[in-house]
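Enquirer: I would like the entire structure built from these sequences, with the hints used as guidance.
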Amino acid sequence: MSAATADEVILDVRDLKVGFTVRAGRLPAVDGVDLTLRRGETLALVGESGSGKSALAMALVGLNRGPRTEIAGTADFHGENLLTARESRLRRIRGARIAVVFQDALAALNPLQRAGGQVVEMIRTHHQVPRAEAWRQTARLFGDVGIASPERSVRAYPHELSGGMRQRVMIALGLANNPEILIADEPTTALDVTIQAQVLQVLRDLQRDHGTAVILITHDLGVVAGVADRIAVMYAGRVVETGTREQVLFRPRHPYTRGLLASVPSLTGPVTGRLTAIGGSALTGVDRPPGCAFAPRCDLAGAGCSAPVPLLRRGTESGHLDACVAGGQP
Amino acid sequence: MRYAVRRLLAVIPVLLVLVTIVFLVMRWLPGSPASSLAAAGAGSSSTSQITASEAQIQAALGLNRPVLAQYGRFLWRLAHLDLGTSFFGDNSVLSLLGQALPATIELTIAAMLLAALIGSVPGVLAAWRKDSPLDVVIRSCATVSFSLPWFALGVLGIVIFGVQLKLLPTIGRLPSSLNYAPTTGFVLIDAIVQDRPALLGPWLQHLVLPATTLALSMAGYITRTVRAAVLEVRGEEFVRTARMKGLTERAIIARHVLRNASLPIVTVLGLQFGSLLGGALITEVVFSYPGVGDLLVNAVLERDYPVVQGAALAVAALYTLVNVGVDLLYLVLDPRLRKGVA
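Chains U and L, in that order, give the protein sequences.
The opening residue of the first sequence carries number 0 in numbering that gives the first Met the number 0; numbering runs sequentially from there.
The opening residue of the second sequence carries number 0 in numbering that gives the first Met the number 0; numbering runs sequentially from there.
Honestly, the hints are just simulated from the structure, not real lab data.
Check before you lean on any hint, since a few could be wrong.
Claimed, not checked - Where chain U lies over chain L, by a calculated footprint (3+ residues, C-beta under 8 Å):
{"hint": "1", "stretch": "223-237"}
{"hint": "2", "stretch": "254-264"}
{"hint": "3", "stretch": "326-337"}
Since we're looking at a predicted model, the values are computed, not measured.
All residues carry an ideal CB built from backbone N, CA and C; glycine is no exception.
Expert: As structure tokens, this is what we get:
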């Protein structure tokens, strides 16, 4: 990777909207999101369940297209809008240039196919490689992601591997064709904390070696603190705050981000008895009131918060944006 | 391998219970082979003469002995693989089955293959185009298919293709003019072994109507099963992974969905084989097709105990063997099941 391209934006998302038609009406899962992803960086999409982070990521690779899904906006990937690209075109991008690591590897791997065979299939879908050569590449990949005795493990079925090993297989699958973008959807949620750390380390090392940009979807701020370069905090389908890891984690501006950070238990601070929680629950229904979606749960909410949707606004630091009308001040 | 042997041994008690039930039911049925035989050979004899000869025949066949003694002798012979001799004519039950069973197996397999083909393809299509007009049409046809009784379908087939259009033969398995002398009893194999390809044309012509009749009545059920199985697998996360890999829809169906959907489909096909076999027995009667069904129905009417027992045993053995085969097929299809078995 040459220095000249280090800051190159490889994915530019503008006003992305994803709506699902449900019985009660149209559910705005993603409601106008702007994002940029630079070559080789890790962008963490943080938010609680139902905040739209997975819907956003799946829309980028066309994995949630369907009669009940409405997708609008642009996602510029090398001059091509991923959101409107034809399925046949997307097929050539998916797996080859943008890959996804799914959360639950046991469910995401085909139970009847050997672990290595699933990676071989991924390689041979996009490259004309002889079968034996693809198996050799797969065994090398298995070694790279830290799977013990890769030569034997490639022949194993998913149920014969441990949870941590399966997740590594999933990562090997994601990296098989050396993609420019890897979308990691809660890649460590199903794992023990120690295995989590190992898997994240593997992901980081490989990212550095290959110059892969990672979109890391998670609700775990501990994971974010460990690996993210930049963070976008999502709430009710919108990005409410975005900035570098330091800006968002250490100088949060939006009340929601502050609430999230305050609810993380500290290992070193005093034990206070109860964990801090944000009162109320997130908007997940069909009806969205105008104005800031977080206002009903916000301690700082005032009259200005019910005005039409607040936009991301520039804070005092460059690149640090938030969507609080009060500017995070009471 | 050990698992296979164990499964096969477990079949024996099942078959033993079955032959016992058949043995008892036959003897409890009113009427006896002796009275059939006596009446058949009576001509103009008086009632008392018939009664006298009936008693003689009872004694000759051993039917005057207590049921338990008869049962004991039956089991003793069965243990020596002796199914006895027909009360009517002097054919051993084994030789009768040797002729009839291949015909039934042929018919059942032909119907099964046909049903699997015309059942599963629309099932996959319906699942892949769920809620589309195509899906609705396929589902309706499936319902009609398994609501139709196969004997009615058989009669309809005979009337249209045999009687009206005169396209197909309506009775028998092969015209007698061919002088077919079975080696294995399976026409397809015999045609190769005896180097008589001329057998195949007439054989297929005779097979088409009964096999299609059976297959049509079964296909709808298969369609529904396949559709449900494919729909369920299609929602699985590994299908999304397959799509993420950039595979075409066709590759996703072939390599990921169908392989995983095959487990419930094979289960249902195995179970359906039983009702297909039952259907074959009835269809054989409709088409005067010389299989086990034909043999069994006549034997029941004549109270020909050894033949009924032998035929029931053969059909049951066939059915249980197929189900053992299905169990073994699971192991081939699903690596997760091999663990506890190996």
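Enquirer: Which hint numbers does the structure go against, in order from smallest to largest?
Expert: none
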